[in-house]
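Student: Sequence:
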Amino acid sequence: MSIQSVSHSITSTTAARAPHVIVVGGGPAGLMAAETLSQCGVQVDLYDAMPSVGRKFLLAGKGGMNLTHSEEFSAFVQRYGSRAADLQPLLQAFDAQALRAWAQGLGVETFVGSSGRVFPVDMKAAPLLRAWLHCLREQGVRFHMRHRWTGWGDTPQSLRFQTPEVELNVSADAVILALGGASWARLGSDGAWVPLFQQRGVDIAPLQPANCGFDVQWTDFLKNKFAGQPLLTVAARAQDADVRSSMRKGQFVITAGGVEGSLIYALSAALREQINLRGHAVLELDLLPDKSADRVLSEVSAGRGSRSLSSHLQSKLGLDGLKIALLHEVLSKEQMQQPDVLAATIKQLPLRLISPRPIDEAISTAGGVRFEALDANAMLRACPGVFCAGEMLDWEAPTGGYLLTACFASGRHVAQAVMQYLDAR
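Sequential numbering of the sequence shown, starting at 1, is according to full-length UniProt numbering.
Since the hints were derived computationally from the structure, they do not count as laboratory data.
Calculated cross-link-like contacts (lysine-lysine; reagent style DSS-like; alpha-carbon spacing at most 30 Å):
1) K223 x K62
2) K62 x K249
3) K333 x K249
4) K291 x K333
Cβ-Cβ distance ranges computed for the label pairs, FRET-style:
5) R307 x G81: 39 to 49 Å
6) A192 x P230: 33 to 43 Å
7) A192 x N276: 21 to 31 Å
Idealized CB from N, CA, C, for every residue including glycine.
Turn these sequences into a full structure, and let the hints steer you where they fit.
Tutor: Structure (structure tokens):
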């Protein structure tokens, strides 16, 4: 198959040409980079392997488009864990309020929900994406769909693309890669870029599942009777060998193979790292977070007459069938009859997790291009003129709007860095 060389740059023999930047990746980071650059008069060509852009963005919005979170910035930035310091300048420059103002500029009003999460008034992603794409086209951004990036050409600013019909070589003054992680591969984020970067000597932290479920070896009884049921009004934490974190209240779902849901996702980074270190993780559950340990022990120890233990626990403590079944998962019949052991386990039930679910099932990914592989302006040290943005960078965050906010902020930051790079040239 022949390779065609294409230049989308605006050229003139008599006048200085407009700067030309290629953006690869049509997710929030890539689109925000394209918007920021095109507002500055840069000619932007955006490439994506899929038939349309924003596919993961649209799917994430099906249950309600959670754009960002309204909590105080000092708490907000700590959601990014070990990379909080790296992301803080980006997030300060484009924080939750700036993101809400940006959405309003596209005609999309937002509101703060009871949990502090921020949503469009209509709760949908599609209207926002449509308005955004209209704006980008009006600003001159050119979209090239079904163009899969397959690597570099002769220079870092020369890229190769595979289309259904032909292979292309495309060059520009600078390149922004916003290729996503490796979750939900059917929507375009498949992590296929990792070996291409490694061939260039770029330091990559291994991609791992984030905001994911975990496998548990349930008994057949629990699996057959309770799979698909939610575990309500509990608190949990990831057991740690050195420092014990505080309990977090919430809920999650028992699956045939393990656990998943919002409370699990919030703890997934710590649980995953436990598994990496020890080969398993322990999720500590407080089945009755609104009752004190003394109260639980008192009620468990009270005489139950002719009632069964299950009926006694349901009557005195309000433990439902699922919570009682979880107790049977970790305690022997003899231990269930020991009030002190039973009461202690109700308040601190150790659930052994074997492994995270596969990365393609995860909401997002950890790992990616290490910040140390970038210079102070987010340019790859190994590839001058090539910048990286979004989830392909080595950071992670829980659900709740934090993922999207950082992707938006990253795309904007990198575009501004590209402008400085172009001005310096």
